[in-house]
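Quick mapping for you: the protein sequence lines, in order, are chains A and B.
Here the first sequence is numbered in my numbering, starting from 1 and rising by one per residue.
Here the second sequence is numbered in my numbering, starting from 1 and rising by one per residue.
Errors might be hidden in some of the hints.
Listed next, the in silico DSS-like pairs over lysine-lysine satisfying Cα-Cα at most 27 Å (straight line) [unchecked claim]: (1) A:LYS42 to B:LYS56; (2) A:LYS490 to A:LYS724; (3) B:LYS38 to A:LYS186; (4) A:LYS826 to B:LYS38; (5) A:LYS788 to B:LYS58; (6) B:LYS56 to A:LYS826; (7) A:LYS677 to A:LYS449; (8) A:LYS79 to A:LYS181; (9) A:LYS463 to A:LYS606; (10) A:LYS231 to A:LYS79; (11) A:LYS788 to B:LYS17.
Some but not every residue of chain A turned toward chain B, in silico, with C-beta under 10 Å [stated by the list, open to error]: (12) GLN319; (13) ILE767; (14) ILE822.
These are calculated hints, taken from the structure and not from any lab test.
Ideal placement from N, C-alpha and C gives every residue a C-beta, glycine not left out.
Residues per chain are reported as follows:
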Amino acid sequence: MNPIFRSVNQLTINVYNRIERFKFFQDNYYDNIYFIDEATKKFLGFTNYFNELKAEAATLCYHVDIKDSDPVIIKEWFKQNPSIFRLPILNDNELVGEYYDADSFGMLLYKRIEDNALFLMKAFPKQVENFLANTANTEVTIDKVFPKQIRNFLSPDSKNVLSPSEIMIPILLKEISRYFKDRGIKFFVFDSIMHSELRELPKYRNKENTTLEEALSSDKLLKEFSINDGKTYAFLNKHRFDLNRISKIAFNGIYYGLIDYISEEFNIINGRRYTVGTPLISNQVIHLFGPCIVEGLCVPDDKTIASILQSLISRYRSQNCEVRNHGTAYGKDPLNDIMRMASTDFADNDIVVWVSGFDEQEEILLKKNNVDFIDCKLLAEDIEGTWFLDNPLHCNATMNRKFAEIIFRNISEHICDQSQKNELSNYISDNKIDLHFDNEAIIHSQELKKYCDWISSQSFCEKKEKTGCVVINANPYTLGHRYLIQSALKQCDQLYIIIVEQNTGDFIFNERFQMVNSEWRNYPNIKIISGGNVLTSSLGFPEYFNRANRLKDSNPLLNHKIFAEYVAPILGINIRFFGEETNDEVTALLNKTAISYLPSKDIEVKIIERKQINSTPISAKTVRRLYEEQNFEDLIPLVPFSTYMALINRSQNIGDVDSLIKLYSISQLKEISHKVKKNNLNYAGMFYKFGVNMNGDAYMLKVAQTDNDRLNLFSEALGSEICKVMNVPCSSIQLATYQSRLSLLSKNWNLTDAQFFPLSSYYEETIELQGQPVFFSYQTFTDIIRSKCPYEYHKVLQIFWKSFIIDYLLCNARGAGNIGFIHREKIELAPIYDNSTFLSDTSDKRFKDLNFPKCPMVFNEKFNSAFEILKSFKDPYLKEALSIFASTFSPESLIEFIGSKEEEFLLEVIKYRYFKLVQ
Amino acid sequence: MVESTAYIYYNDVRICKIIFREISQVDFEYIFQPDYTKIDALIGFKGIQGLNLSLKRKEYIRKNIIPSFIYEHSPFTFKFEGSKCYARDRNGDKEFHYANDVNGITLLDFLAQNEYTYFGDNLTIRQI
Chain A
1 MNPIFRSVNQ
11 LTINVYNRIE
21 RFKFFQDNYY
31 DNIYFIDEAT
41 KKFLGFTNYF
51 NELKAEAATL
61 CYHVDIKDSD
71 PVIIKEWFKQ
81 NPSIFRLPIL
91 NDNELVGEYY
101 DADSFGMLLY
111 KRIEDNALFL
121 MKAFPKQVEN
131 FLANTANTEV
141 TIDKVFPKQI
151 RNFLSPDSKN
161 VLSPSEIMIP
171 ILLKEISRYF
181 KDRGIKFFVF
191 DSIMHSELRE
201 LPKYRNKENT
211 TLEEALSSDK
221 LLKEFSINDG
231 KTYAFLNKHR
241 FDLNRISKIA
251 FNGIYYGLID
261 YISEEFNIIN
271 GRRYTVGTPL
281 ISNQVIHLFG
291 PCIVEGLCVP
301 DDKTIASILQ
311 SLISRYRSQN
321 CEVRNHGTAY
331 GKDPLNDIMR
341 MASTDFADND
351 IVVWVSGFDE
361 QEEILLKKNN
371 VDFIDCKLLA
381 EDIEGTWFLD
391 NPLHCNATMN
401 RKFAEIIFRN
411 ISEHICDQSQ
421 KNELSNYISD
431 NKIDLHFDNE
441 AIIHSQELKK
451 YCDWISSQSF
461 CEKKEKTGCV
471 VINANPYTLG
481 HRYLIQSALK
491 QCDQLYIIIV
501 EQNTGDFIFN
511 ERFQMVNSEW
521 RNYPNIKIIS
531 GGNVLTSSLG
541 FPEYFNRANR
551 LKDSNPLLNH
561 KIFAEYVAPI
571 LGINIRFFGE
581 ETNDEVTALL
591 NKTAISYLPS
601 KDIEVKIIER
611 KQINSTPISA
621 KTVRRLYEEQ
631 NFEDLIPLVP
641 FSTYMALINR
651 SQNIGDVDSL
661 IKLYSISQLK
671 EISHKVKKNN
681 LNYAGMFYKF
691 GVNMNGDAYM
701 LKVAQTDNDR
711 LNLFSEALGS
721 EICKVMNVPC
731 SSIQLATYQS
741 RLSLLSKNWN
751 LTDAQFFPLS
761 SYYEETIELQ
771 GQPVFFSYQT
781 FTDIIRSKCP
791 YEYHKVLQIF
801 WKSFIIDYLL
811 CNARGAGNIG
821 FIHREKIELA
831 PIYDNSTFLS
841 DTSDKRFKDL
851 NFPKCPMVFN
861 EKFNSAFEIL
871 KSFKDPYLKE
881 ALSIFASTFS
891 PESLIEFIGS
901 KEEEFLLEVI
911 KYRYFKLVQ
Chain B
1 MVESTAYIYY
11 NDVRICKIIF
21 REISQVDFEY
31 IFQPDYTKID
41 ALIGFKGIQG
51 LNLSLKRKEY
61 IRKNIIPSFI
71 YEHSPFTFKF
81 EGSKCYARDR
91 NGDKEFHYAN
101 DVNGITLLDF
111 LAQNEYTYFG
121 DNLTIRQI
């Protein structure tokens with residue numbers, strides 16, 4: 001499950017014609033079509049393929065309001081509704097978008113079959129011509145739009161209309177049967193019961209229909225299904241939410257095959273489900289073809305029909321006979337099975353076994369071609385208990401054993417123990433059919449076309465000279481990724497961060513996207529987009545997702561080709577950044593081929609050195625290992641806070657989260673309790689503070705007592721950093737821990753022969769002249785400065801305005817007590833101090849209100865907030881400060897400062913307000 | 001009416017008298033009476049926060065406000081632990097109010113009896 005949000009403009013809306021809706025659904029099997037009131041824009045409901053198949057298609061209305069659309073809630077919603085793949089999101093009854101399960105995409109299987117059949121018609125022109133000439137008494141129309149199943153639904157009375165598959169299946173069945181016969185290859189067909197036929201058996205008449213997702217969500221059903229088979233239960237339990245995902249398919253130019261997948265109990269190697277117990281050297285091969293019943297979707301490797309059959313053959317007939325599993329789990333597709341047979345190399349003594357559910361017409365065809373047809377439908381009568389999950393092609397080990405036994409009985413006499421030398425060849429090459437394996441078939445796929453259409457809507461409005469791109473998996477997002485992005489950003493004008501969409505580990509795309517997005521979303525020169533199903537996906541670069549696979553077979557060039565020829569031109573990318581790779585061979589190969597290939601496509605390649613901690617490169621793999629070990633302390637220096645919290649939240653036994661958060665934020669700081677000695681100095685203000693001596697210097701030490709204090713100390717630390725960037729004299733401060741509490745050391749100013757006067761004391765002095773204190777206004781401020789220190793006037797105003805901008809960024813409202821002057825021989829402005837914030841804690845969203853906090857200094861009645869003043873107040877010193885700010889400051893410069901919950905929050909605050917100001 | 005008296009010292013030289021009067025539940029005043037004969041003789045002295053001593057006023061009266069000098073010289077411990085100290089958030093702005101009594105004695109008495117050392121000048125508050 002991989003829920004991802006897409007906005008309303010990416011959805012299909014108000015398709016009123018049912019035929020048009022079916023056209024849409026057959027290309028977008030899992031998608032919704034939404035209906036909104038064209039006048040009021042209010043959400044009316046939606047429909048989907050499953051709904052349309054009902055006689056009277058109703059408009060469905062479930063949805064989630066935007067206020068509830070937290071990713072965690074959405075993920076849970078999808079878990080609770082396992083057969084729903086799209087979830088509309090409303091805001092005030094208006095459709096704003098939908099969450100879609102990116103693991104569930106693509107076209108209707110029937111449509112896929114028809115497209116493939118149409119494609120194959122071109123490779124068999126003579127056979128098609130003969131077929132049409134011999135079959136039809138009247139002229140036949142070929143329906144290139146709808147498959148038979150939809151056509152029959154929409155127009156039950158249509159006659160003399162054939163879909164491409166209705167032409168190609170008989171042709172190819174005849175061709176392949178004859179081929180096997182000519183070569184002496186034994187060909188057996190085993191007919192399993194289909195879902196529609198099951199209803200005819202009395203014992204299944206009242207069985208409820210369920211989807212695979214619903215079945216997997218039922219623990220009771222899983223236990224019944226895996227009765228006396230703990231291994232299968234453990235396997236299914238582990239893959240409750242991704243069973244379909246581990247069996248992915250890709251078109252190879254001839255048929256849809258499986259993409260390799262390596263795990264402890266489920267392995268697809270070289271496109272074939274692994275058969276347990278195969279001999280090292282074989283002199284005969286039993287080839288099993290068919291859909292998921294053959295692949296063994298719902299059982300571990302050793303419980304597939306092939307593995308059980310292998311065991312039976314090895315035990316009772318031959319040690320030198322190999323069973324090969326060519327099963328493809330994506331639904332019943334006889335055409336695909338035949339094309340797989342047609343392109344598989346056989347020796348003459350090999351045996352071909354085809355297991356599937358065949359309808360009446362297919363059975364007639366098979367028998368007509370004189371194949372050995374064995375009806376296994378009655379197996380369903382004999383077997384007790386729950387032997388399938390959602391449909392009879394998803395069998396348990398018990399049923400698989402029954403199939404293996406029946407196959408064994410039928411083929412046993414043809415199994416020979418003698419070694420024979422045979423030439424290997426296949427139907428396509430022997431008959432010189434114009435079909436070829438094409439591992440780059442994705443380039444011509446609908447997936448790539450759709451992705452290209454989508455990213456064109458995601459590009460920067462204005463294309464700049466240097467447009468860079470990083471592609472990251474962020475599984476999970478680490479400080480290494482952050483460093484890569486920061487380094488890339490410094491070398492280009494605008495940057496695309498493409499997040500690999502396909503999941504490889506614990507972190508689903510949405511979580512990974514959020515981790516990156518939370519940090520970079522406010523940068524106008526950064527766009528974060530998904531890699532979709534094509535870019536660094538199992539379709540474009542399968543090796544990336546199957547590291548256990550053989551490196552020599554890796555083909556990263558296809559991945560680069562997709563990027564360079566399709567993605568980069570649309571987005572205007574001319575620099576691609578890669579993180580230096582020293583450990584992972586597959587990624588290293590990806591980088592190496594990029595260096596040699598991408599420049600030929602006018603894309604500069606830059607390899608960024610890896611960010612290191614203690615001389616070791618930061619790696620997501622290390623982070624995952626530490627997470628597995630629940631070693632949160634060692635994770636701290638490797639990940640940003642957002643990732644850290646995601647890891648904490650996912651952990652089942654996390655203990656006291658608050659204490660871990662505090663541990664995280666302060667463990668990087670030095671404990672100074674034993675180094676400092678209290679002196680007798682005291683300081684004004686509300687914060688808990690006192691004077692200390694350390695290493696011969698005097699400091700003010702602030703010690704956080706509350707969460708608000710912690711936020712303020714981090715605000716001071718960040719404010720001090722911004723001051724440095726903007727050349728504002730500021731108190732020298734450093735964060736530390738004092739008695740394990742977050743603390744801040746501020747070095748005392750040199751006040752030898754000097755005294756400190758806060759600005760508030762200057763205002764107080766006016767009482768004698770005015771009779772009462774004057775307003776804390778900008779006008780009086782400038783008057784006071786002119787009067788007190790005319791020689792400092794220019795400098796004070798420059799620093800005042802810079803400080804004013806910093807306060808705006810931090811949501812600070814600087815009062816007259818927080819601006820100070822030091823009286824020596826002359827009066828001079830004291831270093832800026834107290835860059836705190838008026839935000840209460842890290843959940844305080846008031847920072848998005850640009851009128852917050854109210855500015856205590858009065859400018860004139862027009863202005864209430866620092867934002868308004870910065871935007872509209874006319875003052876040459878303000879203008880100058882804004883100009884310096886724009887040219888010197890970027891929130892990016894603050895990224896690598898400390899790393900804590902508070903800092904993460906304040907960075908978000910600064911970024912948000914920064915971009916609002918510079919917009 | 002409660003009244004307290006204390007003195008500001010600059011390097012052991014008494015330079016100003018402070019009188020605090022609590023006139024009612026809500027009204028109070030601080031009166032500063034500088035000793036110009038001492039002040040004019042000082043070397044390195046830069047002034048008292050909030051008072052324009054160049055005016056040579058006999059008294060500087062601060063009615064219903066905490067004078068800068070008192071505020072600045074009040075240590076955090078008092079502000080935090082003082083029973084009547086509170087902060088108020090009004091329209092997003094913090095507005096601080098300091099009580100004029102701490103554990104039954106006036107703030108001025110409290111500061112004078114504890115002899116805190118303020119970081120920003122060499123002025124101390126004493127009662128003798």
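Hint check:
no.	hint	result
1	A:LYS42 to B:LYS56	74 Å, violated
2	A:LYS490 to A:LYS724	19 Å, holds
3	B:LYS38 to A:LYS186	121 Å, violated
4	A:LYS826 to B:LYS38	22 Å, holds
5	A:LYS788 to B:LYS58	22 Å, holds
6	B:LYS56 to A:LYS826	21 Å, holds
7	A:LYS677 to A:LYS449	69 Å, violated
8	A:LYS79 to A:LYS181	50 Å, violated
9	A:LYS463 to A:LYS606	20 Å, holds
10	A:LYS231 to A:LYS79	23 Å, holds
11	A:LYS788 to B:LYS17	26 Å, holds
12	GLN319	83 Å, violated
13	ILE767	7 Å, holds
14	ILE822	9 Å, holds
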